[in-house]
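S.K.: Residue-level listing of the chains:
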Amino acid sequence: MAKVLVVTSGKGGVGKTTSTAALGAALAQAGEKVVVIDFDVGLRNLDLVMGAERRVVFDLVNVVQGMAKLSQALIRDKRLETLWLLPASQTRDKDALTEEGVQSVIVELRSKFDWVICDSPAGIERGAQLAMRYADAAVIVTNPEVSSVRDSDRIIGMLDSKTEKAEKGERMDKHLLITRYDPARASRGDMLSIDDVLEILSTPLLGIIPESEEVLRASNVGTPVTLNNTDSVAARAYIDAAKRLNGENVSMIVPSMKRRLLDKLFARRAA
Amino acid sequence: MKFSFFKRGGSAPVARERLQILLAHERIERTQPDLVAKLRKEILAVIGKHVKLDPDMVQVKMEHGSTVSTLEIEIELPNGLQGVIMPGAAA
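Those protein sequence lines, which keep their order, are chains A and B. Residues in the first sequence are numbered consecutively from 1, following my numbering. Residues in the second sequence are numbered consecutively from 272, following my numbering.
Just so you know, the hints here were simulated from the structure itself, not pulled from any lab data. Treat the hints with caution; some may be incorrect.
[Said to hold, decoys possible] Computed Cβ-Cβ distance ranges for the label pairs, DEER-style:
no., chain 1, residue 1, chain 2, residue 2, range
1, A, 170, B, 321, 41 to 49 angstroms
2, A, 246, B, 295, 34 to 42 angstroms
3, A, 137, B, 295, 23 to 31 angstroms
4, A, 256, B, 284, 16 to 24 angstroms
Just so it is clear, CB atoms sit at the ideal spot from N, CA and C, and this is done for glycine as well.
Generate coordinates for the entire structure from the input sequences, incorporating the hints supplied.
M.R.: The structure is reproduced here in structure tokens:
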């Protein structure tokens, strides 16, 4: 049974697109059939992060408007056979997507894939609402920082009221993904702790992604971080998060300074 | 710099407290507009049965305190009510 997942946050720049690509690739690597959809009409970037920017011919808007078939717009990943991308268009027309059009695309994708992952645009307007509209579950990407947490709270409110599932009186499955976690700042007491964020947002934790150069490096070369350097802390955190999405029970590790030091020591010994 | 490393506290507790207060208010506000709009509409309908009323003359406000909340309803009725009361309208 296919699962439709929206990756959302309210605030921009917290890591929605990176997380969509990383989780999508990790699930596909585990053998799941995955499609990632870019809902950021006018400002598409998932194609770039996935390294497929030069292969875009048709896009989500073309499909919704009936100008192209879904099969023409879907781009198969060059590294993973079971990973596909449905890019957004670069059109500036805000009303290019309709509710009915999006719904019919999602229904068709549900029949073909195990996972349909919708990368939401920032904000709380139409685009963000359409991205979450037909989702079964949501990944809320949050930085441990006041403005991001506030916007996440707002988005959680919308997930519980403006989605099809909420309107039917069903519970939207919500998962919190904390990104750009900085153990050094946390140990100084200058960053909201994981417990603080969890208590404020009262949403179950899906994973903690530490601030990492690997994330930037992966997007530079157009490879999801979970495929680029599988052993990096960020990649491992995303792979664990994907396992949890898939129902596996993986213990949660809060990245800490101490651990890092120990890791370095062990790495040196092993070398 | 080194000193601050050992210092307990930091700015995170401030962030946490500010967020908790702010979000408590924003969560209430998110559900409030619907309720106030609904109340306003129904109050207007009830009074409208008996008195010809300018919809703008009905103000409904809700304020949330820490222990109790208050609902404030202000209705301005024009003078010379005899002229605007509609005797048969209540039926």
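S.K.: Taking the hints in turn, state whether each one holds.
M.R.: Hint by hint, here is what the structure shows:
1. For residue 170 of chain A paired with residue 321 of chain B, a C-beta distance near 43 angstroms keeps the hint of 41 to 49 angstroms intact.
2. For the pair residue 246 of chain A and residue 295 of chain B, the beta carbons lie near 35 angstroms from each other, so the given range of 34 to 42 angstroms is met.
3. With their beta carbons about 27 angstroms apart, residue 137 of chain A and residue 295 of chain B fall inside the hinted range of 23 to 31 angstroms.
4. At roughly 19 angstroms, the beta-carbon separation of residue 256 of chain A and residue 284 of chain B lies within the given 16 to 24 angstroms, and the hint holds.
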